[in-house]
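Engineer: Residue numbers (my numbering), protein chains in the order written: chain D, 1 to 267; chain V, 1 to 530.
To be clear, the hints were calculated from the coordinates, so they are not data collected in a lab.
Label-pair ranges, simulated between beta-carbon atoms: (1) V:Gln445 - D:Gly235: 45 to 51 Å; (2) D:Ile68 - V:Arg431: 16 to 22 Å; (3) V:Arg447 - D:Pro157: 50 to 56 Å; (4) V:Leu440 - D:Thr16: 40 to 46 Å; (5) V:Glu310 - D:Val30: 45 to 51 Å; (6) V:Glu310 - D:Thr5: 47 to 53 Å; (7) D:Arg169 - V:Arg176: 56 to 62 Å; (8) V:Asp449 - D:Gly235: 45 to 51 Å; (9) D:Ser25 - V:Glu141: 40 to 46 Å; (10) V:Glu428 - D:Ala39: 20 to 26 Å; (11) V:Asp449 - D:Leu100: 48 to 54 Å; (12) D:Gly205 - V:Gly382: 31 to 37 Å; (13) V:Leu3 - D:Ala38: 57 to 63 Å; (14) D:Ala199 - V:Ala128: 49 to 55 Å.
Covered stretches of chain D (chain V as the covering partner; in silico rule of three or more C-beta atoms under 8 Å from a C-beta of chain V): (15) 61 to 74; (16) 152 to 164.
Fair warning: this is a prediction, and the values are worked out from it, not measured in the lab.
Heads up, the beta-carbon is just placed ideally off N, CA and C, and yes, glycines get one too.
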Amino acid sequence: MTTATPAQPIRPYGDTTGDGMVQVSFTLPVPHGRRAEAAALQLAAAMGLQPASVVHSKAMGPDFTFFIIYGRVRHVIDYAAIPEPEGRRYPLLTASEVNLAIRSALGRRLVVVGACIGTDAHTVGIDAILNVKGFAGEKGLEYYREIHVINMGAQVPVEDLVARAVAERADAVLVSQVVTQREAHLHNTRHMAQAFRRAYPDAQGPGRGRPLLVVGGPRFDTVTPDQLGVDAIFGKGTTPAEVASYLVHALITDPAGTTGHDSGQEP
Amino acid sequence: MSLSKLGLDPQTVARARRLAARAAEPIIELARTHTTVSVERALLRLAGLSGADQAGMPWVNHLAEAVRAQVGLEHGVALPVWDALLNGPYGDLRALAEAAAAGKASFRLPAGEDARAARHAAHRAAAAGIARIDARRAERERLLARLGDPPHPWIYLIVATGDIYEDIPQAQAAAREGADVIAVIRSTGQSLMDYVPEGATREGYAGTYATAENFRLMRQALDEVSAEVGRYVRLTNYASGLCMPEIATLAGLERLDMMLNDCMYGIIFRDINPRRTFIDQRFSRQIHARAGIVINTGEDNYLTTADAVEAACTVIVSQLLNERFAHEAGLGDAQLGLGHAFEIDPSLPDSFRLELAHAQLVRELFPNAPLKYMPPTRHMTGNIFAGYLLDAFFNLAGMMTGQSIILVGMMTEGIHTPWLADRDLALENVRYVRTAAGKLAEDFQPRPDGFIAQRARRVLAESVELLERICDDGLLKAIADGTFGVTRRPPDGGKGGDGVAERADDYYNPAIDILESTRPADRHDAEVPA
Numbered sequence: 001m002t003t004a005t006p007a008q009p010i011r012p013y014g015d016t017t018g019d020g021m022v023q024v025s026f027t028l029p030v031p032h033g034r035r036a037e038a039a040a041l042q043l044a045a046a047m048g049l050q051p052a053s054v055v056h057s058k059a060m061g062p063d064f065t066f067f068i069i070y071g072r073v074r075h076v077i078d079y080a081a082i083p084e085p086e087g088r089r090y091p092l093l094t095a096s097e098v099n100l101a102i103r104s105a106l107g108r109r110l111v112v113v114g115a116c117i118g119t120d121a122h123t124v125g126i127d128a129i130l131n132v133k134g135f136a137g138e139k140g141l142e143y144y145r146e147i148h149v150i151n152m153g154a155q156v157p158v159e160d161l162v163a164r165a166v167a168e169r170a171d172a173v174l175v176s177q178v179v180t181q182r183e184a185h186l187h188n189t190r191h192m193a194q195a196f197r198r199a200y201p202d203a204q205g206p207g208r209g210r211p212l213l214v215v216g217g218p219r220f221d222t223v224t225p226d227q228l229g230v231d232a233i234f235g236k237g238t239t240p241a242e243v244a245s246y247l248v249h250a251l252i253t254d255p256a257g258t259t260g261h262d263s264g265q266e267p
Numbered sequence: 001m002s003l004s005k006l007g008l009d010p011q012t013v014a015r016a017r018r019l020a021a022r023a024a025e026p027i028i029e030l031a032r033t034h035t036t037v038s039v040e041r042a043l044l045r046l047a048g049l050s051g052a053d054q055a056g057m058p059w060v061n062h063l064a065e066a067v068r069a070q071v072g073l074e075h076g077v078a079l080p081v082w083d084a085l086l087n088g089p090y091g092d093l094r095a096l097a098e099a100a101a102a103g104k105a106s107f108r109l110p111a112g113e114d115a116r117a118a119r120h121a122a123h124r125a126a127a128a129g130i131a132r133i134d135a136r137r138a139e140r141e142r143l144l145a146r147l148g149d150p151p152h153p154w155i156y157l158i159v160a161t162g163d164i165y166e167d168i169p170q171a172q173a174a175a176r177e178g179a180d181v182i183a184v185i186r187s188t189g190q191s192l193m194d195y196v197p198e199g200a201t202r203e204g205y206a207g208t209y210a211t212a213e214n215f216r217l218m219r220q221a222l223d224e225v226s227a228e229v230g231r232y233v234r235l236t237n238y239a240s241g242l243c244m245p246e247i248a249t250l251a252g253l254e255r256l257d258m259m260l261n262d263c264m265y266g267i268i269f270r271d272i273n274p275r276r277t278f279i280d281q282r283f284s285r286q287i288h289a290r291a292g293i294v295i296n297t298g299e300d301n302y303l304t305t306a307d308a309v310e311a312a313c314t315v316i317v318s319q320l321l322n323e324r325f326a327h328e329a330g331l332g333d334a335q336l337g338l339g340h341a342f343e344i345d346p347s348l349p350d351s352f353r354l355e356l357a358h359a360q361l362v363r364e365l366f367p368n369a370p371l372k373y374m375p376p377t378r379h380m381t382g383n384i385f386a387g388y389l390l391d392a393f394f395n396l397a398g399m400m401t402g403q404s405i406i407l408v409g410m411m412t413e414g415i416h417t418p419w420l421a422d423r424d425l426a427l428e429n430v431r432y433v434r435t436a437a438g439k440l441a442e443d444f445q446p447r448p449d450g451f452i453a454q455r456a457r458r459v460l461a462e463s464v465e466l467l468e469r470i471c472d473d474g475l476l477k478a479i480a481d482g483t484f485g486v487t488r489r490p491p492d493g494g495k496g497g498d499g500v501a502e503r504a505d506d507y508y509n510p511a512i513d514i515l516e517s518t519r520p521a522d523r524h525d526a527e528v529p530a
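Isolated chain V (complex conformation) (with noise of 0.2 Å):
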């Protein structure tokens, strides 16, 4: 970026970044020296092992409790499972986790020779399934050259019925309405959940099920929807969780294109325990860097606890630990949509103003992100035509200030599930917006030193702040403190601790091997700033 509109110093915003990577460090350091049951089987999952027992639940599942029982998980379960394999009469994984199940296998930790071919043997499986990922990347990048890649802002559309075989038409139609991009909320229950559900599913609270079935019966649907309409639609789900790697590395699998995938979002608003949340969330972003999905952060969430004003700063701050989190994961600013609000009180004066500075201030910070940009959920009071405007006026917000990814806002927000008209008429009023605003972006010049700029700067060295603020303190106390979202998270409290290993000095994970040793090589394509 050559120009600050806001009079941004650039000195300022290097030292952010600088402390940001200070306050990230020891937290890296966790996820490089712990495991989880759930990284754990991902690699199962990369390897092949799919399906469920009569019950329902995953074999991988199983395959990973049998070898934590007896072996522990210190050591992860490449190599107990894969000896387990070359020394057995089990054909393969499905087998194996099959006598598993029933408890009819033995694990031990090879050693010697018998390590060796293990060793070999997990590292070929795992290899397998990392190029599967890599072919339908490959897939993605010549459908997009195909099709064609619509122009950013890309529209974001919902869909949440609960049942896929619903969610499929209502999601084609929401394409050919144009909608850029189409999610498919998940199931609310399922954050907790420690698997990931098996087959195609009609029952959800709130949202549908994420299965590795769904994701392949959706994309499959908006790739003949993309072929009908002339453009790549992309598909998003969520990467959160207590199943965050499992459902990352099926999303790589089945072609999914983005992920909701933020640091923080598990610990502060599910009450998952932080240091889960932290490892798991290294390992899903190392699979999205490969696979090339593009990350959606959480930051809005925080604004609709705490105060849109108030807590500017802290929307800056977690999308400054996202990128740092990420980068080191291997993901470019390209894969980065971080995500940030139009969430201030419409009561306030100037609340548009203020909206447009921190809109501004995300896009300068982070020239090359492809931004996420949410609209008002807070201040929808169920008055559906002031509603509308309010939308409106998001809209051209993320218009003024070169937003990359627009989700779509419904009057009806805090009423119920979008109907089929709210959804039309909330592209309506995209469309109108976009069209009539055009590139706006290039004549929104904010006056120097004016009102914006200074708004700008000063969320920037509140960010600074509270960011020396994390270093001292340590990021695990400031998320303890309720710093993030008003909600107060201790480190050893929240769901899915005891899922949680030291790795120990013969770990052995050949999927985090490969994600580390080897990159696509067109990793770090920078797209055009806006």
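Isolated chain D, as found in the complex (with noise of 0.2 Å):
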């Protein structure tokens, strides 16, 4: 018989164990009253919250109202079904042995083009990754000597990213993605993997025949790897040294993507 974890029941802690106090705020399309803190009763019922009360109403002009409601929630999880998530499946390097990895490997600098794709224009995710300056205390991509980076910028059309990661034969491909509006992130993220997909037809993987392609982005937490076409996609509070550690680990210690974070499968 195989010993089975015990259940661990939980529920959200207020200010007593076990309480299930929650806090949430929304808008309803209604004018304030006590029929609108009614409806949002009701809908803290379908929600799970019970008892709950609206601590707060306020009229949003004519025609909507805002509420702040404090409410049990009935749910339990079982935090011991919970699986722990999957880590980082690779070292973090430090500077020194990413350039050595780079050179005894390939014998040549890395080659990484990054750019912000589509219509987004905020440069700021990608320029933290590559430029020297770099984010949170460590050096971009740009301080390695061993990695030849080209930064091509905001709203690079996807033709020309794809002309310059050929042009330059590039290692990998680098590509930052912050607007999310109508899910604009996702959407030029899938476009620019087919268009890598079409101008490396025969390729057997990343390293292989193509460039690795990596996605970065604060809102990339509702998606897969294989989803978008792509490599990998780093999210919020990324740091160069990660991102530097995952480009040698997928292209020079395990190219084959066996251990990789991300699925290694060609879409």
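With the hints in hand, could you dock these two chains into one complex?
Structural biologist: And the structure:
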């Protein structure tokens, strides 16, 4: 008989274990008043908040009401059944370790082309990873002696990015997408991945006939690399060293992608 | 300004201005001796040419391109276009542009009597356009007198749905909730489009396209709500990107009130060719000057990429350059909405004192300018509760240092474009601080030689040093070296450089002639210092 992990039921914590207290705020498209509050409480109940109380409601113009609600959630989560999320499956390297790995494996500099594609004009993310200045006290990839960085900047058309990647024989392409309105970041990234597939029809995988495709931005948490057709996704707070370590891992140490945090599969 | 709260040395301030003028001079000379496709198209728009073909390409683009292909851009489009109108079978500019688009119009550079006739006709057409801008300016002044002009600080709020018909009710709701200025953020793709889209638009990324029709619809909606709330609500858009001169012209024709118009923003943050930007900028500022439009400069943006403490002097230097370029183009101090921002890392000790030092320094350097103060964005972490507090400190700094235009900070900055409730809560924050602080600026007296005064004087000294370096190397080289916003932009790089032409000796643009020779009488009305 296998030993079952004991269940670990949890609820939100207000000030007493198991009290289940949460706070939510939302707007309903109805005029302010007691009827609106009744509607808000009904919604809260449907959301699993019971009992709930409207601690604040305020008219926002003649047609809308804003609510702050506190309530007890009925739901229980078994924490024991939540698996530990996959962490970084590659070692974090120092700059000199990255340089050494590239020099001994490639015998030349690793070429990285970066850009904000489509309509996105926010270079904050790509600059944090690429510029010498870096991010969070870490120097960017331009600082790495064995990495040749081409930062194409903002609003780069996908065709230009592909052409530059081909011309520079890029080992990796880094794309940043900050603007998320109307899911522009997902749309642009898929468009980019398709363009690279067309440009490298015979590719076996990243580093094997095509560049490694990496996308970064604050709002990619709902999708997987496979869904976008890229090799890896980096989220908010990623540091240059993490990206550099991943490049070494995916292109040099484990090019087949057997243990990558990406699937390594060709879409 | 009689007394400096910061003990700024008037000699140092004067030296900084002289250096900025020296650094700007070669750029002004460049702008005086060159033209661009967009400057030429702006003339055609002033002359009344509007509309687009079925694919959405504006007639002004077709016409300017045809002239450029046949005669070149260096003489300006005025002589070839009005020569063709006078001597060809075309009833008007639209018919000529349609023929040009179909490859059926031929253009030449007229000489002698033909040139005189074309020059006269072009001048009349441009003068009619400028008279329309003058009429819109007079209309604004009447409305301000009738409805009332809100006191400073003006509360500046952004709408950005992408759909003009969604923007309108949101803008009206914001005005009812206390906004004095509504800015319709542009679709991010627009700055790199070398044409201005046409008509009312319902699709855009992170913003709504700037078009003549969108301008008209929103101005009309704000006129309605202005009458309702009893104060004139201003409308802002963006004269930036590749079509800066044309958008400025449309803004003048549709009575927009403020326009984002920075001397270097497009170069640094949109990778637009530096020469193109400076030439386009001069014409657009001449139009803004004439139209009574307040420009907003973009120095706040430097602090989104560079460190706000380290790069404080780049903000001052850019403001001084923007001021010089603006004065040269005919803008008065009351039209200079110089930008700066509250972007210092809140985890730094004394960060609020540093913010006060920077904000007060800008206030004292530009006492008559309607300064535009921008809220924190870089250090908004997603913790909306902490963000709401940071925004309150920003609002307080704005009140203490007498800022003129306060952009409303959103606690959901960096999460999503503001929801209805976000905007409402943010306005509640501003209203509280504004009411609670009242005339606190009167009582704010930094200790002589204290932390704030010393910090401000140090930033000014660093600014003078940086200006000296820029004067030695040249502004284009400074930009190429990444002086502003930690971004390097070489003079020959960037987009739109092929739309620049050096003016020939016979270059003629009646709009520029009129703008440089006649000015409305009340142009230099300086406002009372805060």
